[in-house]
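Participant: Line order of the protein sequences matches chains A and B.
All residue numbers for the first sequence refer to the numbering used here, where the first residue is 1 and numbers rise by one.
All residue numbers for the second sequence refer to the numbering used here, where the first residue is 1001 and numbers rise by one.
Take these hints with a grain of salt, some might be off.
Derived lysine to aspartate or glutamate pairs resembling EDC-like cross-links, with alpha carbons at most 16 Å apart [what the hints assert, rightly or not]:
id, chain 1, residue 1, chain 2, residue 2
1, A, K252, B, D1357
2, B, K1371, B, E1337
3, B, K1173, B, E1205
4, A, K254, B, E1325
5, A, K254, B, E1205
6, A, K214, A, E198
7, A, K291, B, E1288
8, B, K1026, A, E303
9, B, K1146, B, D1357
10, A, K291, B, D1357
11, B, K1147, B, E1288
12, B, K1026, A, D134
13, A, K291, B, E1291
14, A, K275, A, E303
From the structure, some residues in chain A lie toward chain B, with a derived Cβ separation under 10 Å [unchecked claim]:
id, residue
15, S31
16, K32
17, L81
18, T98
19, R180
20, T184
21, R188
22, Q189
23, S239
24, T250
25, G268
26, T284
27, G285
28, S311
29, I315
Stretches of chain A that chain B covers, calculated by requiring three or more beta carbons in the stretch to come under 8 Å of a beta carbon on chain B [to be verified]:
id, segment
30, 33-47
31, 200-212
32, 261-267
I should point out that these hints are in silico values taken from the structure, not numbers from a laboratory.
In this text, a Cβ means the ideal position worked out from N, Cα and C, and glycines have one as well.
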Amino acid sequence: MSQVIVIGAGLSGLVAAIKSAEGGQQVTLISKGLGGLQLSQGTIDIHEQGLAGLESPAPHPYAAIGAENVLAGVKYLAKLLGPEFLVGDAKKNVYLPTAVGAIRPTALIPPSMAAGSVRDGAKWLIVGLRRLKDFNASLIAGNLSRLELPGGGSLSARALTIDVVAREGEVDSSALTFARAFDTPDFRQRLVAAIKPELQPGEAVGLPAILGVKQHDFWRELQASLGCEVFEIPLPPPSVPGMRLNEALTAKAKALGVRFVLGSYVSGFTAAGGKLVSVTVATTGAPQEFKADKFIYAPGGFESGALAMDSHYEITEKVFGLPLHGVAPVEELILPDYWDEQPVFKVGVSVDKQMRPLDAAGKPVYANLHAIGGIIGGAIRWKEKSGEGIALGSAWAATEGSENV
Amino acid sequence: MSSQGYSALGFAGHELARASLDHCVKCTICETQCPVLAVTPLFSGPKFVGPQAERYRHGLSVDHSLDYCSSCGTCTLVCPQGVKIAELNSQARAVMKAGHMPLRDKLISQTVVMGKLMTPFAPIANAALNVGPIRSLVQGVIGIHKKAPMPKANSRTFMGWWKKHTPAQPATKGKLIFFHGCAGGYFEVDTSIKSVEVLEHLGYEVVVPKQGCCGLAQQSNGLYHEASANVVKLAKELQAAGDVTIISSSGSCTGMLKHEAHEIMGVTDPALADVGARVRDIMEFLLELDEAGELPHDFQPIKMTVPYHAPCQLKGQGMGLPALEVLKLIPGLTVVESGAACCGIAGTYGLKKEKFDVAQAVGKPLFDMIKATNPDYAICDTETCRWQLRKGTGATVDHPIALIHRSLGLS
């Protein structure tokens, strides 16, 4: 029997599973499918306002998690993966270019993106691939050149589109197909040969984030071959930098003996004496009961179906029926202007310091149920750029300290 | 076509998996994990030919690259939104092939016939399968690739052994029904024997009813009429043997009973629903016993590092990897999970001359992993995957139960 059951395989679920297993506990991780981490940009967002954002008042998740837990969780992940995966300072944001040529703040980044941190006076050559439709070099370079940078100043970017074939017989290859092609030296040589003659002195080269999956330090080789700085710009899914993080964390969890039960929904639970006893997993054939001492619920929010709104605008948490914070009449939750803040995305559970969901009276619903990551309400995570900070801070808070063992 | 065949294909053209279609958010997770898309542009990917193309099908195919899907089911397994991608694609392919089914696909899905024909002539069959010109002829006439892995014909069947078998000790626990599957009855006989011996060693009374084929190979080739009839017949045969747990060491046939026949072909016969809820993969059963504290831990050490490949159709059952957990109980044994989605063979896919190269390319990283981990010995839960791995690596490849059998001092 497992001591800890984690439900969900996104960033918070994987980190909570790894940390529990490192602490010597038997851990089972149950997940319907792969987690959302591989859809991410491969960067660790904490808050668009940097450290000030960590002091956000309740009902923001950071109020329950606490700034120190967020920083501890981020530091834990950075140490777990090492500088080949993540560099930077959790207390200081950088601004990275996006695949439409905007910029966004984030905290920790893959080393392959470091040279793309915007700065006044930078000269960039943005290189697109004709057969990769998700990265339009002209759009990106044009938009970046028009920007006034945070803190003032501007950069100049120009576009180059080349046709380097990742796989014969395909005119529309995915980012992942390109990334896999990096494993062959021939592809890398063809890429360099197409860029080098077009490169001007003093330019850094911005490429789509396709510079290898399993091995992902090819940016260093390109820098040496081109004689200039090279950086990756993240793409929409399939997001190669997100895949790298997901695969690395999954491998670490497996190496620590975490048991993965992939492909089935959690369909029910049993409880006694104020504690959860087991969860029911809808495996094929017949459902199975999984018992544990401690349950860590990391299912995400609306995007994964853990929260659902029905045709009567009723919002429910699907597995445990947990009380939700932020529920209001629909006209207060979904506002007519798309660009308005949409409060529906703040709906979620509210938690205590150990990340246990609370009932209306402010008492933990179950003494041994902890909720982490996107299921916690109170923040519009993508808007304020706090998703990974909430995931890591809550994973840390739910697994750290004697009261949580 | 009989009414049953018509309804299975009609179901495939219009019903079940379409209900999950709108859950697709186009996140591409399935495409990143598809083992076929990774090695060939001939297949446009599970999302593209599945939830996307399905909107335009109206019962017809809009994208013939669908035929290159191996039906490994990895897409459905990894989908975080619950879309039945593999099921949609299997159904669409069956509809696409209806009316012009290749003779080859009808022949290779006749697993019982193959076993029955080959058993009496095992030495001749094995010799013939090793003769290049004969295989070239088979490739030319029927379309089975001349280098495709073939089962080794066995001169004894499992039932032949079973009829003469007496348990080593009297039963002290309850009764279990053993389901051997076609390959476990005729080719991988050793796995079936060891499974029964382990169960009897644990004190169970094992019964083996006369049983036919689950129809999986027919289903994956789009022969829904035949497959539906076979799986219902089998369910009734197993049901007649008693109202107890059914154990199988045939990982993919177990999946057919648990969910595939129902989800892909819409078989709703109550016998299947009953049997599907009672059938357990043998390693799953041992893990359940262990979780309940009923599995004695008297395992003798095996000092070895073993690569383990969990087959796609076992993973598709959504129960995790029970073998990995159970084998942790053997002292000295280090089991290394392959991490590969699929070995490439995917039932009969990798036998076909036009798919052979794709199947070998899918299998290559796994072959390399096995050679690097232990070039002599690997484990894997399903039969055709073992044939593929043996052919691709030269290693001895056993069902995980072989290690349990050995560790219990039974071999």
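Participant: Would you mind marking each hint as holding or not holding in the structure?
Facilitator: Right, here's what the structure says about each hint:
Restraint check for K252(A) and D1357(B): the C-alpha separation of about 33 Å exceeds 16 Å, so the hint is violated. Between K1371(B) and E1337(B) the alpha-carbon distance is near 13 Å, which keeps this suggested pair within the 16 Å criterion. At most 16 Å may separate the alpha-carbon atoms for a hinted pair to count; K1173(B) and E1205(B) meet this at roughly 7 Å. Only pairs whose Cα atoms come within 16 Å are accepted, and K254(A) paired with E1325(B) is accepted, the gap being roughly 12 Å.
Our distance criterion of 16 Å between C-alpha atoms is broken by K254(A) and E1205(B), whose separation comes to about 36 Å. Under the criterion of a C-alpha separation no larger than 16 Å, the hint pairing K214(A) with E198(A) is inconsistent with the structure, at around 29 Å. About 12 Å separates the Cα atoms of K291(A) and E1288(B), which keeps this hinted pair within 16 Å; it holds. For the suggested pair K1026(B) and E303(A), the alpha carbons sit about 12 Å apart, so the restraint of at most 16 Å is met.
Under the criterion of a C-alpha separation no larger than 16 Å, the hint pairing K1146(B) with D1357(B) is consistent with the structure, at around 12 Å. A C-alpha spacing of about 45 Å is found between K291(A) and D1357(B), which places the hinted pair above 16 Å, so the restraint is violated. Restraint check for K1147(B) and E1288(B): not satisfied, since their Cα atoms lie roughly 40 Å apart, outside the 16 Å limit. Only pairs whose Cα atoms come within 16 Å are accepted, and K1026(B) paired with D134(A) is accepted, the gap being roughly 14 Å.
Of the pairs offered as hints, the one joining K291(A) and E1291(B) holds, with about 9 Å between alpha carbons and a cut-off of 16 Å not exceeded. Annotation: proposed proximity of K275(A) to E303(A) is violated, straight-line Cα distance about 28 Å (limit 16 Å). At about 8 Å, the closest approach between the beta carbon of S31(A) and any beta carbon in chain B falls short of 10 Å, and the interface hint on this residue holds. Residue-level restraint check for K32(A) holds (minimum Cβ-Cβ distance to chain B is 6 Å; threshold 10 Å).
For L81(A), the interface hint is violated, since its Cβ never comes within 10 Å of a Cβ in chain B; the closest pair sits about 18 Å apart. With a least beta-carbon distance of about 18 Å to chain B, the hint placing T98(A) at the interface is violated under the 10 Å criterion. Interface restraint check for R180(A): the shortest CB-CB distance to chain B comes to about 7 Å, inside 10 Å, so the restraint holds. About 13 Å separates the beta-carbon of T184(A) from the nearest beta-carbon of chain B, more than 10 Å, and the hint is not met.
Interface hint status for R188(A): violated, as the beta-carbon distance to the closest one in chain B is roughly 19 Å, over 10 Å. Given the 10 Å rule on beta carbons, the hint for Q189(A) is violated: about 22 Å separates it from the nearest Cβ of chain B. Evaluation of the S239(A) hint against chain B yields a held restraint, the C-beta minimum of about 9 Å falling below 10 Å. Because the beta carbon of T250(A) sits about 9 Å from the nearest beta carbon in chain B, less than 10 Å, this interface hint is met.
Nearest Cβ of chain B to the Cβ of G268(A): about 15 Å, over the 10 Å cut. The hint is violated. For T284(A), the interface hint holds, the least distance from its beta-carbon to any beta-carbon of chain B being 4 Å, beneath 10 Å. At its closest, the beta carbon of G285(A) sits 3 Å from a beta carbon of chain B; the interface hint therefore holds under the 10 Å criterion. Because the smallest distance between the Cβ of S311(A) and any Cβ of chain B comes to about 14 Å, over 10 Å, the interface hint for this residue is violated.
Taking 10 Å as the C-beta cut-off, the interface hint given for I315(A) is violated, the closest approach to chain B being about 18 Å. Chain B is given as covering the segment 33-47 of chain A, and this holds because 6 residues of the stretch bring a CB closer than 8 Å to a CB of that chain, at least three being needed. Counting residues of the segment 200-212 of chain A whose CB lies closer than 8 Å to any CB of chain B gives 0, so the stated coverage by that chain is violated, three being the minimum. Coverage of the segment 261-267 of chain A by chain B holds [criterion: at least 3 residues with CB-CB distance below 8 Å; count 5].
Violated hints for the displayed structure, listed by number in ascending order: 1, 5, 6, 10, 11, 14, 17, 18, 20, 21, 22, 25, 28, 29, 31.
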